[in-house]
Amino acid sequence: MNEPILRAEGLTKHFTTPRSGQIVRAVNGVGFEMFAGKTVGMVGESGSGKSTVGRMVVRLLKPTEGTVTFRNRDIAALSGRAVRDLRSDLQMVFQDPWSSLNPRMRVKRLIEEPLLLHSKMSAGERSDRVEGIARSVRMSTQLLTRFPGELSGGQLQRVCIARAIATNPGLIVLDEPTSSLDLSVRAGILELLQELREKSGAAMLFISHDLGTVRLVSDYILVLYLGHIVESGPMDKVFDSPSHPYTQTLLSAHLPADPKVTLKRHLLKGEIPSPIDMPPGCPFQTRCPLVREDCKRVLPPLTPVGDAGQQAACIRIAEGTNKVPL
Amino acid sequence: MTLLQVRNLHTHFISRNLDNEITIARALNGVSFDVAPGEVLGLVGETGAGKSLTAYSVIGLLKPPARVVDGDLTFDGKDLRNLDDAAVNKLRGGEIAMVVQNPRSSLDPLTRVGEQLVRVHMAHRRTSEEAARQRAVEMLAAVGIPAPQQRMRAWPHELSGGMAQRVLIAMALMNEPKMIIADEPTTGLDVTVQAQILDLLRELVETRNVAAMIITHDLGIVAHYCDRMAVMFAGRIVETGDVETVFENPAHPYTRTLIASTPERLREGKAAILGGGAPPNLFDLPKGCHYVDRCSFAQDVCGEPPKWEDLDDGHEALCSRIDAVRAAGAL
Amino acid sequence: MADLAIGSAAQNKSAIDKAWGRIVGLSKRSPTSVIGFGIILFFGFLALFAPLVMPYDPVQANPDLILQGPSAAHWFGTDGNGMDVLSRVIYGSRFAFGIAIPVVIVALALGVPIGLYAGYKGGNIDEIIMRVVDAFRVFPSIILALAVVAAAGPSLLNVVLVIGILDAPIFVRVVRAEVLALRSSNFVEAGVIVGNPTRRILFVHLLPNAISGAMAQTAVRGAWAVRISATLAFLGIGIQPPTPEWGAMIRQGAEFMVNGQWWVGIFPGVALILMVLGLNMFGDGLQDLLDPKRRSAGK
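Those sequence lines, one after another, are chains E, X and Z.
Following the working numbering from start to finish, the first sequence increments by one per residue and tops out at 348.
Following the working numbering from start to finish, the second sequence increments by one per residue and tops out at 344.
Following the working numbering from start to finish, the third sequence increments by one per residue and tops out at 429.
No lab work stands behind these hints: they were computed from the structure.
Beta carbons: idealized from backbone N, C-alpha and C, even for Gly.
Among the hints, erroneous ones may be present.
Now the in silico label distances, taken between C-beta atoms and shown as ranges [stated by the list, open to error]:
1. Z:150 / E:40: 43 to 51 Å
2. Z:254 / E:298: 47 to 55 Å
3. X:78 / E:58: 19 to 27 Å
4. E:171 / X:316: 41 to 49 Å
5. Z:265 / E:40: 44 to 52 Å
6. E:58 / X:326: 23 to 31 Å
7. E:36 / Z:157: 51 to 59 Å
8. E:95 / Z:310: 31 to 39 Å
9. E:36 / X:97: 38 to 46 Å
10. Z:370 / E:40: 47 to 55 Å
11. X:36 / E:298: 28 to 36 Å
12. X:74 / Z:161: 35 to 43 Å
13. X:122 / Z:265: 32 to 40 Å
14. X:98 / Z:310: 35 to 43 Å
Extracted from the complex, chain E is given alone in its bound form:
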């Protein structure tokens, strides 16, 4: 395959709680690659660290450890001005479009802002470009003179996407971009993202807890649990034959919107534990139906499963005893 546009290695983020000074191990040694024109889907429950990874990729957060190599340059260590210059190439769309736009700025100025900050275009050129962008996100140019408060959720998310693509970035992180939208609006946004990816060739990191959506848009998937990647691989491979016990249970808990699909249920007890007191060994040990003594001793590394690029971190895979019984 060709050269990745972004490579994250050993990405780690630890926070210190303000009062007690405990260390929250939000992300622990995450590594992955992203390619132009491809979408990586990142799934996990709340507390899995997926949003933190997204924010480190676009350098809204500085990693505690690890490197993020973007266009052959380590951006993890950059700061201030240098990060700001990167913004035209690294963009992000947030979950809640209602609060992601300055309510006192008109849509036109909102879309224009990245151009103003990163290009030397004249006012007239910017104005033309803004209209072009509005059309490419399938938004009526009449909306350009409105304020965010006058737009619907779907329209607002289109404005957010327009802002993100204004400077033709090479990589866009989408943090649950459709979760807060109504179903019929959601489909339109997903279609738009698909179209933009094909047209612009940008790499996308699609963060979501909705497996159906991730499956729809992604080429490659990362499954996060407690800040660790427990499984990764090409979308269809992982969905068709999940190998980590967590991936198996996660996929089995997904409810496809089709009553004819019979659910194969692996019941998972309990909830994701706190990332403050993490036991040594496998992060999934407290809930895993297949847990055994040696799971509590060593952190299993990601190892290849088959030869199609799928990887999982479970010691049982080598023995072939990793399938969770129904």
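Add chains X and Z to chain E, keeping to what the hints say.
The following block gives chains X and Z in isolation, referenced to the frame of chain E:
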């Protein structure tokens, strides 16, 4: 036999604006449905369609300026609209229990979990505290909370989201309700936890012959946990029927859009019937079909109030262009 | 208000209608604020047209007319220099506005940027700024003002600067609180992501959304400035007699009070009370209008 019968329910928000003019937001405009014991009805629709408002109208928890202005609400043979406050209070939390989203904010943060369960029970039954405590432990166990005896002494902030939702369900069960209304019961919970909660709810319906209504915007939940579904749009139910029938053969153009927009259908490669668009203005609803501005089948006839079309066995849709929709073929 | 200017004519009209509707609604809900506004308008009129309304020159001493009681010729009587008290009270309104407005501007110019920065940066920077602000707040401002004005000299400029600086912490607090509330909405983070430098985040994105609370405080703070400057003058530290400033006039009048020559001190006193009352009453209405939280509570 139905337990809850809602007929022609109209709930409006009547208030005055800054210019002192009376304004009416017609939030519910003739909602009718039934729920029978042992059955789960799924109420779906987009934000602002009136799903939660329907529930709040039924259990009499509307806050001004919202008001039920017309319609009949019959629960277990009793006319809910003509009950006095005391009787409605007795019903609510007793025979009809409600499970809301944001479980943690629904618990009193300064009272131990067990105490809250006991209070709910004693508010409705003449019973000893000992018996109430006994029942609370049983109910916590019934909703799958490990070590219920110890959990009785837990504070709400010590519970995780899933645990808090279980406690709320336990609270709903304290007085052996005949009906449970669950308003987005798993929004904000993780999928693995969501599955646990919904399994629990479904099991309760089956083993205790309770009637349930789940309000959700997640068609996955409807597909797998509900028997019948009602699709709401702008304060009206536009289609109702068995879950499998509706998913297989959605009749109302809005339902078709909803189902075509699910990731599962989109993945089949068919172009979505894009149904995005602003919801109609509740202050100024069209005279005829509310969906007319967003509907690809709309014609002049849609300017007249639509009539219910019986399709087959309990499957009905509120659309004047049903023949045209049918002619367009299945999704 | 900038929005109004950009909008089309049709939008303008509806916006003006809306604003008028608000004012009518406000006068129904809070008649005191309308009365307050009336008082401010009244003094504003006096200040603007002082030369036209004053019957005499306010600083023209007249040895023949010393300490005369109110009469048809001198409605408010004359003071110890034989100057017409009515004219001096009228002229004094210029000083009231001349202090209140620049003081509030100085306090806003200092307090708003500091509040924006502290709220946005958070952490240690915020902690340090807020400690300093607290230190200012706990120290009795009148004593601080006394000390500084005494050291720097009692010019109008010094009085304005000192009172303005002393008042800035209020605006730091108000603005910081609003910024803290705004930090939870994503548009700030989204602003960083498109590459806004901190300066632009503060002044383009945060300022317009965080300023309403501070604006709501301006009238009340203006009242405070008028009061403090009068106090300074009364204590003999601020503006000096025979300048027709109300505080200075009250100080002069106090000497004559014991002899029964009450008019020298009472009339500027009443003017001061009215002005402060008017600003405070109006300020209350302003807070109702600009602060959405108070607006809903008021209903």
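Taking the hints in turn, this is what the structure says about them:
no.: 1; hint: Z:150 / E:40: 43 to 51 Å; result: 48 Å, holds
no.: 2; hint: Z:254 / E:298: 47 to 55 Å; result: 23 Å, violated
no.: 3; hint: X:78 / E:58: 19 to 27 Å; result: 54 Å, violated
no.: 4; hint: E:171 / X:316: 41 to 49 Å; result: 31 Å, violated
no.: 5; hint: Z:265 / E:40: 44 to 52 Å; result: 23 Å, violated
no.: 6; hint: E:58 / X:326: 23 to 31 Å; result: 53 Å, violated
no.: 7; hint: E:36 / Z:157: 51 to 59 Å; result: 57 Å, holds
no.: 8; hint: E:95 / Z:310: 31 to 39 Å; result: 35 Å, holds
no.: 9; hint: E:36 / X:97: 38 to 46 Å; result: 59 Å, violated
no.: 10; hint: Z:370 / E:40: 47 to 55 Å; result: 52 Å, holds
no.: 11; hint: X:36 / E:298: 28 to 36 Å; result: 51 Å, violated
no.: 12; hint: X:74 / Z:161: 35 to 43 Å; result: 36 Å, holds
no.: 13; hint: X:122 / Z:265: 32 to 40 Å; result: 35 Å, holds
no.: 14; hint: X:98 / Z:310: 35 to 43 Å; result: 41 Å, holds
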